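Chemist: If you want the building blocks of each chain, they are given just below.
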Amino acid sequence: MQFPLSTSEIILWLAFTAIILLVTSELMSPYSEQFGDFVIEKSRLRIAALVLGVAFIVTVLVRVVAPI
Amino acid sequence: MPFGKSENSKEKELDAGERAESATVKYLVESLQAVQKENELLKMQLAKSRQVPAGRIGFVLLIFGVLALAGSIWSASTVLAFIGLGITFWGALFLFVRPIRFVKEALLEWNAISSYKIIDRIIDDLGYKGKALYIPPYPKDVYLPEYLKGLKEMVVLIPDKDTAAMPTIEEMAKGQFIVENPRGICITPPGFGVMSLFEKELRLDFTKLAPERFPSVLPKLATSDLQLARNVQISTDKSLVHVKIEGSAYKDLYSQERGLKSIHLVGCPLASAIACALSKATGRLVAIMKDEISPDLKTIELWLQVLEG
Chain X
1 MQFPLSTSEI ILWLAFTAII LLVTSELMSP YSEQFGDFVI EKSRLRIAAL
51 VLGVAFIVTV LVRVVAPI
Chain L
1 MPFGKSENSK EKELDAGERA ESATVKYLVE SLQAVQKENE LLKMQLAKSR
51 QVPAGRIGFV LLIFGVLALA GSIWSASTVL AFIGLGITFW GALFLFVRPI
101 RFVKEALLEW NAISSYKIID RIIDDLGYKG KALYIPPYPK DVYLPEYLKG
151 LKEMVVLIPD KDTAAMPTIE EMAKGQFIVE NPRGICITPP GFGVMSLFEK
201 ELRLDFTKLA PERFPSVLPK LATSDLQLAR NVQISTDKSL VHVKIEGSAY
251 KDLYSQERGL KSIHLVGCPL ASAIACALSK ATGRLVAIMK DEISPDLKTI
301 ELWLQVLEG
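Note that the protein sequences, when read in sequence, are chains X and L. Heads up: the first sequence begins at 1 in this note's numbering, then just goes up one per residue. Heads up: the second sequence begins at 1 in this note's numbering, then just goes up one per residue.
For reference, chain X alone in the conformation it holds in the complex (with noise of 0.2 Å):
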């Protein structure tokens, strides 16, 4: 039993999380933060997204200085 996703699977699964994630955050009005009956905290929404966005990232960097 071991779990069944590569590294470079997970990889793309944050690529394509973060990127969803940075353009809602981005497009999401600047005044509202309300999605019809749900209410967020935009920061925090943001904060997520950039920090998948960095995990990606170093996630590509560890691949190109250290290749699989």
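In short, the hints are calculated from the structure, not lab data. Among the clues, some could well be false.
[Said to hold, decoys possible] Cβ-to-Cβ under 8 Å is the rule here; a few derived chain L residues that face chain X:
1) S72
2) I73
3) W74
4) A76
5) S77
6) A81
7) F82
8) L85
9) F89
10) L93
11) F96
12) V97
Just so you know, these numbers come straight off a predicted model, no measurement behind them. Virtual Cβ for every residue (Gly too), placed ideally from N, Cα, C.
The hints should help you fit chain L onto chain X, whose structure is shown.
Modeler: Coordinates of chain L only, in the frame set by chain X:
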């Protein structure tokens, strides 16, 4: 006798009429109470239906995600692993971006009305018509003896007529409400709380903020940080400061239906907070010289004067 009979019948008719009227009033009051009760119940139901339990959704997603991840390890399924990873991530994100607490924007305005009504009553009663002067306090970290502690409080002076003088140190130190020289009243500005919040966000006392940084720091605080307005522009021309506020959360306080007079004297809480901050940053008296409000209330323009002395 016939006259007496007719009088009796008239009295009876009147009694019957009164009884019918009181019965109708009673019925109407009861109906009104029932409708009010129903209204309250409906309001509660509406509020309940509006509350989306983001936290609960997050937990549910997290649980399903973890189960999917565990299932993917057990069955060595890549698809299940991707699903699990996605659901777990979104569950965690839901919990992370959940706001601490948000209140409706209208509450800010309704909360502020009473303060302005009180100021209106006071200035109407005393007949004061002077332009309000924001008086800078001493910095918080400066040592002052106990009897001068009042000098550390931010106050706005509403004088009986236009003046550029500030009350004596003794009157200020005592924290007097009515001051004699110049004649006027000293009150806590309506924007004092908002200004304190600005300082908390900035982690800086405005007395330590360089006045030239004021036009760049304040708009960001009011818009993207605290979201009290959609856009704030501050421009300075020597001692005159022009403030343009668009989409203010307090815009309805300026509406003619409210009929608040003091709002034009001391400004809305946001304008008042800007005046307080300016006064603290420059260490000088600040007066709201003029305000202009667009007919749709979307744009509020203020001209603040930093007074010498």
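Chemist: Each hint: holds or not?
Modeler: A quick look at each hint next to the structure:
Taken as an interface hint, S72 (chain L) checks out: its beta carbon lies about 6 Å from the nearest beta carbon of chain X, inside 8 Å. With a least beta-carbon distance of about 5 Å to chain X, the hint placing I73 (chain L) at the interface is held under the 8 Å criterion. Below 8 Å, beta-carbon pairs count as interface contacts, and W74 (chain L) has one with chain X at about 6 Å; its hint therefore holds. Interface hint status for A76 (chain L): upheld, as the beta-carbon distance to the closest one in chain X is roughly 5 Å, under 8 Å.
A distance limit of 8 Å between C-beta atoms decides the matter here; for S77 (chain L) the minimum to chain X is near 6 Å, and the interface restraint holds. For A81 (chain L), the interface hint holds, since its Cβ comes within 8 Å of a Cβ in chain X; the closest pair sits about 5 Å apart. Checking F82 (chain L) against chain X: minimum C-beta separation of about 7 Å stays under 8 Å; hint holds. A distance limit of 8 Å between C-beta atoms decides the matter here; for L85 (chain L) the minimum to chain X is near 6 Å, and the interface restraint holds.
A hinted interface residue such as F89 (chain L) counts as satisfied when its beta carbon comes closer than 8 Å to some beta carbon of chain X; here the least separation is about 6 Å, so the hint holds. Restraint check, L93 (chain L) versus chain X: the minimum CB separation of about 6 Å is within 8 Å; hint holds. With 8 Å as the threshold, the beta carbon of F96 (chain L) comes within range of chain X, its nearest partner Cβ sitting at about 6 Å, so the hint holds. Hint on V97 (chain L) holds. Least Cβ distance to chain X is approximately 4 Å, under the 8 Å limit.
Violated hints: none; the structure is consistent with every hint.
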